[in-house]
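Visitor: Those letters in the sequence shown? Residues -13 to 365, by the numbering used here.
No lab work stands behind these hints: they were computed from the structure. Please read all numbers here as calculations on a predicted model, not as lab measurements. Careful: at least some of the hints might be erroneous.
Quick list of simulated restraints, FRET-style, between CB atoms [to be verified]: (1) ASN112 with THR312: 38 to 46 Å; (2) GLN199 with LYS282: 39 to 47 Å; (3) ASN265 with ASN82: 50 to 58 Å.
Cut-off 20 Å, straight-line C-alpha distance, at most; resulting in silico cross-link-like pairs (DMTMM-like, lysine to aspartate or glutamate) [stated by the list, open to error]: (4) LYS276 with ASP323; (5) LYS83 with ASP353; (6) LYS56 with ASP167; (7) LYS276 with ASP257; (8) LYS279 with ASP350; (9) LYS330 with GLU285; (10) LYS333 with ASP343; (11) LYS56 with ASP165; (12) LYS260 with GLU239; (13) LYS84 with ASP165; (14) LYS84 with ASP166; (15) LYS243 with ASP254; (16) LYS290 with GLU245; (17) LYS83 with ASP99; (18) LYS56 with ASP99; (19) LYS243 with GLU285; (20) LYS243 with ASP281; (21) LYS83 with ASP165; (22) LYS84 with GLU289; (23) LYS59 with GLU223; (24) LYS100 with ASP257; (25) LYS83 with GLU364; (26) LYS330 with ASP343; (27) LYS279 with GLU250; (28) LYS83 with GLU33; (29) LYS290 with ASP353; (30) LYS84 with GLU123; (31) LYS279 with GLU364; (32) LYS290 with GLU217; (33) LYS290 with ASP254; (34) LYS260 with GLU250; (35) LYS243 with ASP280; (36) LYS196 with ASP166; (37) LYS338 with ASP353; (38) LYS243 with ASP257.
Note that the Cβ used here is the ideal one computed from N, Cα and C, for glycine as well.
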Amino acid sequence: MLITRILAATLSGGVVLTAAASPATAASPATVGEPAPPHVFQWTSPEPGTVLSSQPRALPEGLRQLARAKQIKYATTDVRGNGIFASGLVLTPLRNKKNKTVVWAHGTTGIADKCAPSVNDDVFWNEARIAVASLLERGWTVAAPDYPGLGTAGPHPYLIGNSEGRSIIDSVRAARRLDDDLSRQYAVDGHSQGGQGTLFANQLAGTYDKELQLRGTVSIAPTSQTRVLAEAIPNTEGQGFMAMALYGLNAVEPSFKPEAVLTEAALDKGDVLKQGCLNEVLAAYAPPLKLLKDDKLPEAWVEKLAEYVDPAQTPLTAPAFVVQGTDDAIVPAALTDILVEQLKGAKVRYDKLPGRDHDQAVVDSTDRVAAWIGQRFEQ
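Make the full structure from the sequences, and use the hints.
Guide: The following block contains the structure:
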């Protein structure tokens, strides 16, 4: 199904998977005096993490018994250091509250504002609600960023790791501004897109923020290996993921224009990206729709995507725990095997869950994930 079949076809076609991480290529800083995009604001104050607005937020069944929530907008930065707004939730446990924060980094929801978890009645996917409940039951405050461009001005830089990582770290700063009792120690737990984002937060933590203390990150079925996926996805049910990724790249690299590579039929589906969420996007871009003009993404696009999307390009700053279901049809286990090999040398634990798919891996790992985070806080 989906990318599992895609990957099998790609491997049989002779694509070689290697464990060598591609060299890191940092995004170039903005030119001095270069005007910021319209959704960006320049500041000397407030600092990243400053809470710009906060209001009570009702929680769905399964969470409301465990926590009270605030929906927030807070200050963060884009990949070039410009000030931007982001939104999210801060969930404070009602019982057994401790002074630690755990970030929940959500999986793909879409790239439209309506897809931001903080504005949806259910808040998270079902598996994510189970994971968040497990963290709250441990007494940890949960910061849950939407990521930039979801629920706030400007496009969502989908799968742009340094964007996700910054908003993850700054959500902890924001949570601490709402609660003086929270310590500097935090951990991050994420799934799929969020699993990728947790690794970028891990890589960024040592330089982006020198006040907080990252104790560890958990990545469940993290997105990686862009070069393989870029070749495998066209003409499959996964084309919606690629469409979102191309528009996400354009959000940080305006010279990479989707109209240069997408067919007219694919461009005509642009309203679905603006108004629909994940399931609608996948349905709209599924075959027989032809996504790419040449059935293959140009190499320059592949390399630029890999530069922004692939983790393991710079060293981790804290221990990491990677969880992967062997029957995952969205992020195949073979790709995560490579990612973990690329991370070798760092303190990485890798648990593979036999027979578990993309979402089951979240549900069936809640106890071991919470136990690992608890151990990290105690060390």
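Visitor: Could you tell me which of the numbered hints above are not met by this structure, giving the numbers in increasing order?
Guide: The structure conflicts with hints 1, 3, 4, 8, 9, 10, 17, 22, 23, 26, 28, 29, 31 and 33, although it agrees with all the remaining ones.
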